[in-house]
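Q: Protein sequence lines correspond, in order, to chains A and B.
Here the first sequence is numbered in the numbering used here, starting from 1 and rising by one per residue.
Here the second sequence is numbered in the numbering used here, starting from 1 and rising by one per residue.
Worth double-checking, as some hints may not be accurate.
One copy or any two copies: either way a pair holds, since identical chains are not told apart in the list.
Here are the simulated lysine-lysine pairs, DSBU-like style, with alpha carbons at most 35 Å apart [what the hints assert, rightly or not]:
1. 225 / 163
2. 114 / 223
3. 53 / 207
4. 36 / 89
5. 200 / 53
6. 114 / 200
7. 225 / 114
8. 94 / 109
9. 36 / 225
The hints are simulated quantities; they were obtained by calculation from the structure and are not laboratory data.
2 protein chains.
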Amino acid sequence: RSYSSRMALTDGLLFRQLFESESSTYTYLLGDTETKEAILIDPVLETIERDLKLIRELGLNLKVAVNTHCHADHITSTGLMKKRLVGLKSAISKFSGASADILLSEGDKIYFGKHYLTVRETPGHTDGCMVLVTGDQSMAFTGDALLIRGCGRTDFQQGCAKKLYESVHQKIFTLPDQCLVYPAHDYLGQTVSTVGEERKFNPRLTKSLEEFEHIMSNLNLPKPKQIDIAVPANLVCGVHNV
Amino acid sequence: RSYSSRMALTDGLLFRQLFESESSTYTYLLGDTETKEAILIDPVLETIERDLKLIRELGLNLKVAVNTHCHADHITSTGLMKKRLVGLKSAISKFSGASADILLSEGDKIYFGKHYLTVRETPGHTDGCMVLVTGDQSMAFTGDALLIRGCGRTDFQQGCAKKLYESVHQKIFTLPDQCLVYPAHDYLGQTVSTVGEERKFNPRLTKSLEEFEHIMSNLNLPKPKQIDIAVPANLVCGVHNV
Ligand SMILES: [Fe+2]
Ligand SMILES: [Fe+2]
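If we strip away everything but chain A, and leave its shape as in the complex, we get (with noise of 0.2 Å):
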């Protein structure tokens, strides 16, 4: 029988993604429907107070708020959210630089109910951007690292193309054709991607490595407006004193 995007999908798994249109980022809101346990993903200052209500409307008890890496274009919301919802843990890579109550590295696993997410290390757009996969390998969300049909830009914080064309080519593009890619951004209204479709119409990533990097360091865009406030924020997620 033929195995679609759609079938792979987990069963007892609640499932929202949010979208934060100042900076283009995507939040995911993850829930295990049984026990109610849920994380969040990449949640952005801005859209805090829709996120709550969302997830108080759900009875979800949400346990931690995860960044996918130290972003660079907008506030995380997670070092608020946590004086907001008592028992949550904050967690990001510790390569990131940044504080977090969870410092998470390859291999880790963040529960929730029944289900997880298993982190990826895939450093290359920053040293501590991770990609975070369901325990059935059926939803990786790539943070930076793969976007759909484009990818992070290499040219701030620790990027290095080289890093990143290994990191998507090792640690996502390993996964089955059929997982589905939920970005932390997306600029053209796209909401998911496969990784089989990436791995073929990726117009940077099916290149070379050679070819990436050039494509890489003639990208030629401006600085993010935020970086130089979100970056610092970020670090000590959002907030000083969490």
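Mind docking chain B with the ligands on chain A? Use the hints.
A: The following block gives chain B with the ligands in isolation, referenced to the frame of chain A:
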């Protein structure tokens, strides 16, 4: 076992939600993974190239491009898309006043491979509004009849708050609780809801008819910027001579 929204998803169904940021419109692509037959709901003129590229990359054979109603806030791409894809048919409600290849009414089915959507007429925002429901009732494309924690306005075209209230209660709130609600628009970065959630938390539709009518007649919204261009265009699939 617990019944999550994600369990309801249908076997062998390819599904993509796409967003057009100028009018905050969601376009939906649904395909049969075996036969590759596909349909497109509410495509927008501005994003026609993105949509055509995705359809091509996914190897889909687009059979029908359908509008949930005659939109006032953007121009549909169904007419132009017909000129690009041989065999494509446009569809809209027979009560919309618009011309199209297929004029739909209550109970009609739109087939793509082994899948289909069933038409439920939901007048109120306009006379020709309809909701499209998957065969297994796991997903409802609600157009502007029901938005996430909101609903379409009733102060222009054939808008009627009483009709909208009855349509939502009789044709949408009678679907299963876990049925996913995919609206034509969202302005807050929300991508999906469920019938159960809207029945419980929709700030307008949970009220009495009298309160609802009062709310709807006091929204004081500005006239949509594109209405004078969009409505006449959408009466002919966005282009003349289709
Ligand atoms: Fe980033
Ligand atoms: Fe509308």
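Q: Are the hints correct? Go through all of them and say.
A: Against the structure, the hints come out as follows:
| no. | hint | verdict |
| --- | --- | --- |
| 1 | 225 / 163 | within (25 Å within a copy, 47 Å between copies) |
| 2 | 114 / 223 | neither (41 Å within a copy, 49 Å between copies) |
| 3 | 53 / 207 | between (43 Å within a copy, 19 Å between copies) |
| 4 | 36 / 89 | within (16 Å within a copy, 44 Å between copies) |
| 5 | 200 / 53 | between (39 Å within a copy, 14 Å between copies) |
| 6 | 114 / 200 | both (33 Å within a copy, 27 Å between copies) |
| 7 | 225 / 114 | neither (40 Å within a copy, 48 Å between copies) |
| 8 | 94 / 109 | within (14 Å within a copy, 53 Å between copies) |
| 9 | 36 / 225 | neither (37 Å within a copy, 43 Å between copies) |
In the structure shown, a violation is registered for the earlier hints numbered 2, 7, 9, in ascending order.
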